[in-house]
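Enquirer: Sequence lines, in order, name chains Y and U.
So in our numbering, spot 40 of the first sequence is number 40, and the numbers just go up one at a time.
So in our numbering, spot 236 of the second sequence is number 236, and the numbers just go up one at a time.
None of these hints come from the bench; they were simulated from the model.
Just so it is clear, CB atoms sit at the ideal spot from N, CA and C, and this is done for glycine as well.
Incorrect hints may have been included.
[Said to hold, decoys possible] One side only, chain Y facing chain U, incomplete, derived with CB under 10 Å:
1. Lys16
2. Arg48
3. Gly53
4. Gln69
5. Asp121
6. Tyr137
7. Gly151
8. Val159
9. Gly161
10. Pro169
11. Arg214
12. Gly229
13. Glu233
14. Ile235
15. Val239
16. Leu242
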Amino acid sequence: MKVLVAVKRVVDYNVKVRPKSDMTDVDLANVKMSINPFCEIAVEEAVRLKEKGVATEIVAVSVGPQQSQEQLRTALALGADRAILVNTDETLEPLAIAKCLKAVCESESPDIILMGKQAIDGDNNQTGQMLGALTGYGQATFASELTIEGGNATVIREVDGGLQTLALPLPAIVTADLRLNEPRYASLPNIMKAKKKQLDTTTPVDLGVDIANRVTLLGVELPAERAAGIKVEDIAQLVDKLKNEAKVIS
Amino acid sequence: MSTLVIAEHDNSSMNVATLNSVAAAQALGGDIDILVVGADCQAAAEQAAQVDGIGKVMVADNAAYAHSLAENVAPMIAEIAAGYSHIMATATTTAKNIMPRVAALLDVQAISDISGVVSEDTFKRPIYAGNLIATVQSSDAIKVLTVRGTAFDAAPADGGSASIEAVGSAHDSAKSSFIGEEVAESDRPELTAADIVISGGRGMGNGENFDMLYNLADKFGAAVGASRAAVDAGFVPNDMQVGQTGKIVAPDLYVAVGISGAIQHLAGMKDSKVIVAINKDEEAPIFSVADYGLVADLFVALPELDAAV
């Protein structure tokens, strides 16, 4: 069974992002970039499928700038067998990324596509679902448990009310939520080995994909700051304030 | 300009979260219709028809739509969408699952989690876990939007008497099937709908200590939440998580107990009207967003609070 796992290069989750001084976009100059944490969980799940003998090959794919090779090397160090970079310097929207991934699916014919439920930069939470529509495959988003047996995936999903279990015939798309697994750290020997693994580069043009953006970013702003509050001395004062000043309890 | 609001429901009743999307549609202006896609969902449709200012309610009632499977519901919505300029749904896990699939079927770029309507084609939305707000303009003919519920006050649930009509055909893709669900049963209000939320963090120490919060919550008629740290530590299940990676809440009163205030938690609760923080570390970032902060050991403060109310 072949697994395609998609990864995205994003601002590291520990970085506090700031707007550019002209407020046109996020300031990404000299900011640490990493693999999107949800994508890392997807890679880990792929590696575990291979370790269980369910998967035979893991292909990592990223759509982004040349530097996305770093994130693909991370995926290779974690256990992916080879990688594909769909290289573009444009900032693509989820629909365009999904179209690129669809083209990769057509050439690679994976049995399952694993990806993160969302990227922590745009917080769109769209690409997996869109790839589902474009390929016609079933989708199981926000997965917290994945089992593969007899050509079917059984997925436990995290939904607002609790947990939902779905069964999907393969090929299917599964997007990872936080609790799917805890990714390992890549060992030094594996990082060295990853440098020699195959990494092919293609472009949206080569794939015949229209990547024109539909949405224009007009600007960014900082969210409204909350006015500083006060410290209360004890519970009695707190209860008094909540009753008589804020009037939120009676 | 006309907006189609996709109802969130469990077939037997409409979820009030739908009313936040109706409010966002009203902010946009123009005609508003509601689409209910479900199975034996007439009761939910009748509730939708009561919402004030709705043109009509359309019902796609078929067994294939019983569990809101995206592969079946998305083509149903896409089939109806052609007649509208905007398709909206409140950003619940159901809508987040379905709406991008609808957008791709229509070949449009969806806009997720809008927190403001600037104009017919321009919207505000949080990015980077709410650390920045982006203003974005869509050039697509049909705008497919999910709405951040906490950013729009719910529209009135009654006062209307819209007509109800049956629409659509059955889309049964067989690309996924429903096996089961584990719904967290609770007598307390739902986190995202509660007027008061009391949340515990890693400082609670273990799951048993959350009983103190449950007792307090029952006195206030409050919901109980948790930080991601408390969930990751295994104190409580994930459906209690408040934060960027959990639920986004904006109650009248939010009480954070033993929560340090990581960025990802603040992103899920900082739109609450009044915030109280109880933490023994006076440097904890949670105090920077709290209206009332109490520097105290929660194991002393909680019993006192319990006794005082």
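Enquirer: So, as I understand it, the hint says Val159 of chain Y touches chain U; can you test that by seeing if any CB pair is closer than 10 Å?
Expert: Holds, about 4 Å.
Enquirer: Ile235 of chain Y was flagged as interface toward chain U. Is the shortest Cβ-Cβ separation under 10 Å?
Expert: holds, 4 Å
Enquirer: Does the closest beta carbon of chain U sit nearer than 10 Å to the beta carbon of Gly161 of chain Y?
Expert: Because about 5 Å separates Gly161 of chain Y from the closest Cβ in chain U, which is inside the 10 Å limit, the hint holds.
Enquirer: Against chain U, is Arg48 of chain Y within 10 Å by beta-carbon distance?
Expert: Since chain U brings no Cβ nearer than about 19 Å to Arg48 of chain Y, farther than 10 Å, the hint is violated.
Enquirer: Would you settle whether the hint for Tyr137 of chain Y is holds or violated, based on the nearest Cβ-Cβ distance to chain U being less than 10 Å?
Expert: Holds, about 7 Å.
Enquirer: Using Cβ atoms only, decide whether Pro169 of chain Y comes closer than 10 Å to chain U, and label the hint accordingly.
Expert: Hint holds; Pro169 of chain Y Cβ to chain U Cβ min 7 Å, cut 10 Å.
Enquirer: Checking hints one by one. Is Gln69 of chain Y an interface residue toward chain U, by the C-beta closer than 10 Å rule?
Expert: Nearest chain U Cβ about 24 Å off; hint violated.
Enquirer: Do the numbers back the hint for Val239 of chain Y, that is, is its least Cβ distance to chain U under 10 Å?
Expert: holds, 5 Å
Enquirer: Close enough to count: is the Cβ of Leu242 of chain Y nearer than 10 Å to one in chain U?
Expert: For Leu242 of chain Y, the interface hint holds, since the closest Cβ of chain U sits about 7 Å away, which is under 10 Å.
Enquirer: Is the shortest C-beta separation between Gly53 of chain Y and chain U less than 10 Å?
Expert: violated, 24 Å
Enquirer: Hold the hint about Gly229 of chain Y up to the distance rule: shortest CB distance to chain U must be less than 10 Å.
Expert: holds, 4 Å
Enquirer: Is the interface hint satisfied for Gly151 of chain Y? The criterion is a beta-carbon contact with chain U at less than 10 Å.
Expert: Result: violated, 13 Å to nearest chain U Cβ.
Going through the hint list in order, the structure does not satisfy hints 2, 3, 4 and 7.
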